[in-house]
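Using numbering that gives the first Met the number 0, the first residue of the sequence shown is number 0, and each one after it goes up by one.
Since the hints were made in silico from the structure, they are not lab data.
All residues carry an ideal CB built from backbone N, CA and C; glycine is no exception.
Hints are not guaranteed to be accurate.
Stated by the list, open to error - Estimated spans, in silico, between C-beta atoms of each pair:
#	residue 1	residue 2	range
1	88	173	19 to 29 Å
2	164	115	23 to 33 Å
3	38	184	16 to 26 Å
4	164	79	17 to 27 Å
5	32	187	47 to 57 Å
6	79	59	17 to 27 Å
7	111	160	36 to 46 Å
As the list claims (entries may be wrong) - Simulated pairs of lysine to any residue, SDA-like, Cα-Cα distance not exceeding 25 Å:
#	residue 1	residue 2
8	169	97
9	108	130
10	108	97
11	108	188
12	108	53
13	108	129
14	184	158
15	188	151
16	169	86
17	169	152
18	108	54
19	169	119
20	188	130
21	169	141
22	108	86
23	169	120
24	184	123
25	184	120
26	108	123
27	169	125
28	169	145
29	108	26
30	108	148
31	108	153
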Amino acid sequence: MTGSAGRCTIQVPFTGEPSMAEQPHLDDETLAFAERVFDLARHGNADELAPLLQAGLPANLRNSNGDSLLMLAAYNGHLEAARLILQHGGDPELANQRCQTPLAGVIFKGDTAMIDLLLEQGADVNGCPEGGKPPLMYAAMFDRSDILQRLLQAGADPTATDGEGNTALKLAMAMGATDAVALLKGQLKH
Numbered sequence: 000m001t002g003s004a005g006r007c008t009i010q011v012p013f014t015g016e017p018s019m020a021e022q023p024h025l026d027d028e029t030l031a032f033a034e035r036v037f038d039l040a041r042h043g044n045a046d047e048l049a050p051l052l053q054a055g056l057p058a059n060l061r062n063s064n065g066d067s068l069l070m071l072a073a074y075n076g077h078l079e080a081a082r083l084i085l086q087h088g089g090d091p092e093l094a095n096q097r098c099q100t101p102l103a104g105v106i107f108k109g110d111t112a113m114i115d116l117l118l119e120q121g122a123d124v125n126g127c128p129e130g131g132k133p134p135l136m137y138a139a140m141f142d143r144s145d146i147l148q149r150l151l152q153a154g155a156d157p158t159a160t161d162g163e164g165n166t167a168l169k170l171a172m173a174m175g176a177t178d179a180v181a182l183l184k185g186q187l188k189h
């Protein structure tokens, strides 16, 4: 279901494929509540999120950018809130409108503790949403060799390509990510 008022739009997962005409209009009060929920995740307020999730708030609620509660908590470095959302069924593979999963967003930020949590909770180290890039490519582009090592040890495929045929090595070279280039070249020799 979607609805908007002001700057907030929400996306709630449906079981089935309802047409836009079948989707209920959301009133301003509901949209304000949704905005508050997104802010709780963004600011890592696990204490306030917990009772909402326990009461049935969808763990995969997404905002107008397609950012899930997990994406907002993880990207902003809130480990406990991310763990809570995962425990309530948050999908670590749910991509936003930029074709980024929470793992991709966290790689950009360089948060190794969050990367470990997402991997432990089922994030696909080789996951690539349509139109997106596998996680290894983000680590390569931003020259995060420590994260590259972590992902490779977790089974990331250094030969994987995105929809344009790019590899992590090709993107690292294009970005001038010298440490990533050296690491990936060494990995590919094996």
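Can you give the numbers of the hints that this structure goes against, from lowest to highest? When the structure is compared with the hints, numbers 1, 3, 4, 7, 11, 12, 16, 18, 19, 20, 23, 25 and 29 turn out to be violated.
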